Amino acid sequence: MAAQSTIEQRERTAPAGATTSAARRTGGAGAGLLRFARNTWRPAAVLVAILLVWWVVTAADLVKPYLVPSPGTTLDVVLAQPGYFAHHTWITTYETVLGFAIAIVVGVLSAVVMVYSPTVEKSLYPLLLFAQVIPKIAIAPLFIVWLGFGLSPKVVVAVLMAFFPIVISTVTGMKSIDPEMLQLSATMGAGQAQTFRKIRFPAALPHLFSGLKVAATMAVTGAVVGEFVGANEGLGYVILQANGNLDTPTLFAGLIIMSLLGVILFVVVELLEYLVLPWHASRRTDAATTTL
Numbered sequence: 001m002a003a004q005s006t007i008e009q010r011e012r013t014a015p016a017g018a019t020t021s022a023a024r025r026t027g028g029a030g031a032g033l034l035r036f037a038r039n040t041w042r043p044a045a046v047l048v049a050i051l052l053v054w055w056v057v058t059a060a061d062l063v064k065p066y067l068v069p070s071p072g073t074t075l076d077v078v079l080a081q082p083g084y085f086a087h088h089t090w091i092t093t094y095e096t097v098l099g100f101a102i103a104i105v106v107g108v109l110s111a112v113v114m115v116y117s118p119t120v121e122k123s124l125y126p127l128l129l130f131a132q133v134i135p136k137i138a139i140a141p142l143f144i145v146w147l148g149f150g151l152s153p154k155v156v157v158a159v160l161m162a163f164f165p166i167v168i169s170t171v172t173g174m175k176s177i178d179p180e181m182l183q184l185s186a187t188m189g190a191g192q193a194q195t196f197r198k199i200r201f202p203a204a205l206p207h208l209f210s211g212l213k214v215a216a217t218m219a220v221t222g223a224v225v226g227e228f229v230g231a232n233e234g235l236g237y238v239i240l241q242a243n244g245n246l247d248t249p250t251l252f253a254g255l256i257i258m259s260l261l262g263v264i265l266f267v268v269v270e271l272l273e274y275l276v277l278p279w280h281a282s283r284r285t286d287a288a289t290t291t292l
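Take the sequence shown: its position 226, counted from the start at 1, is 226 in the UniProt record's numbering, and no numbers get skipped.
Think of the hints as simulated: they come from the structure by calculation, not from any bench. No experiment lies behind these values; they were computed from the predicted model shown. Please note that the accuracy of each hint is not assured.
[To be verified] Using 30 Å as the maximum straight-line C-alpha spacing, the simulated DSBU-like pairs for lysine-lysine come out as follows:
#, residue 1, residue 2
1, LYS175, LYS198
2, LYS213, LYS136
3, LYS198, LYS122
4, LYS175, LYS122
5, LYS213, LYS175
6, LYS122, LYS136
7, LYS122, LYS213
8, LYS213, LYS198
Turn these sequences into a full structure, and let the hints steer you where they fit.
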């Protein structure tokens, strides 16, 4: 009874602690933006260098224009048809975000079930691994046959691409908790739900966000792969049509926009990670894998 009272007392005092944490997080957000500004020049410099090399190669006519168009020609194609590219980018973005969101929900729920049920884990894990190693471009036509040429097959392929890293990272995170913490929570009378909410899931968040970063870029690839197989709109359709017409400027424009979409989604996940986990080691200024 005393242990249960202690837990309840801690839960009652949580809002005050949460307010303090929110205040710290607000201050930390400003510091994070300053770090972002300081660190941005490195990737920006690399990007400028790549664009410069691209421009020099095309300006010197080292490569034929029909093989590699110049940056100016590629930009002109986009500016000449802004509505065309905006429409197809929106279609791919919608498919990617929807597939990514579904993969998060299904992936996290599947990970929780596998962690709390070793039987389910031993039964499903080999199947998940088998499904992951199958090339999605090989099975995408099946989804076209089963689901038609609409939105569904593209979203399904995006889900399949993003699902595996989310499941694996979440399972790893939930299993990495110190057993002594679980024993302590059991000793204090915490139930399964309390232990999950206050110990297991928070401990798994750093691993989960690592998986989400990988899944974000893979969801873009999945949506585009689905469009390759059967679509009449989307960036995959633009790339496929440009390739068939030997229209390399449009092809390059579609590839660049697709890459930017993946980068933006990655940055959004990382910003969310910073807001949720400002205390984690990955948020330190000396972390090499963060952009903030």
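Taking the hints in turn, this is what the structure says about them:
1. LYS175 to LYS198: holds (14 Å)
2. LYS213 to LYS136: holds (19 Å)
3. LYS198 to LYS122: holds (26 Å)
4. LYS175 to LYS122: Roughly 15 Å separates the two Cα atoms, so the pair holds.
5. LYS213 to LYS175: holds (20 Å)
6. LYS122 to LYS136: holds (24 Å)
7. LYS122 to LYS213: Satisfied, since the Cα-Cα distance of roughly 26 Å is no more than 30 Å.
8. LYS213 to LYS198: Holds: LYS213 and LYS198 sit about 24 Å apart, inside 30 Å.
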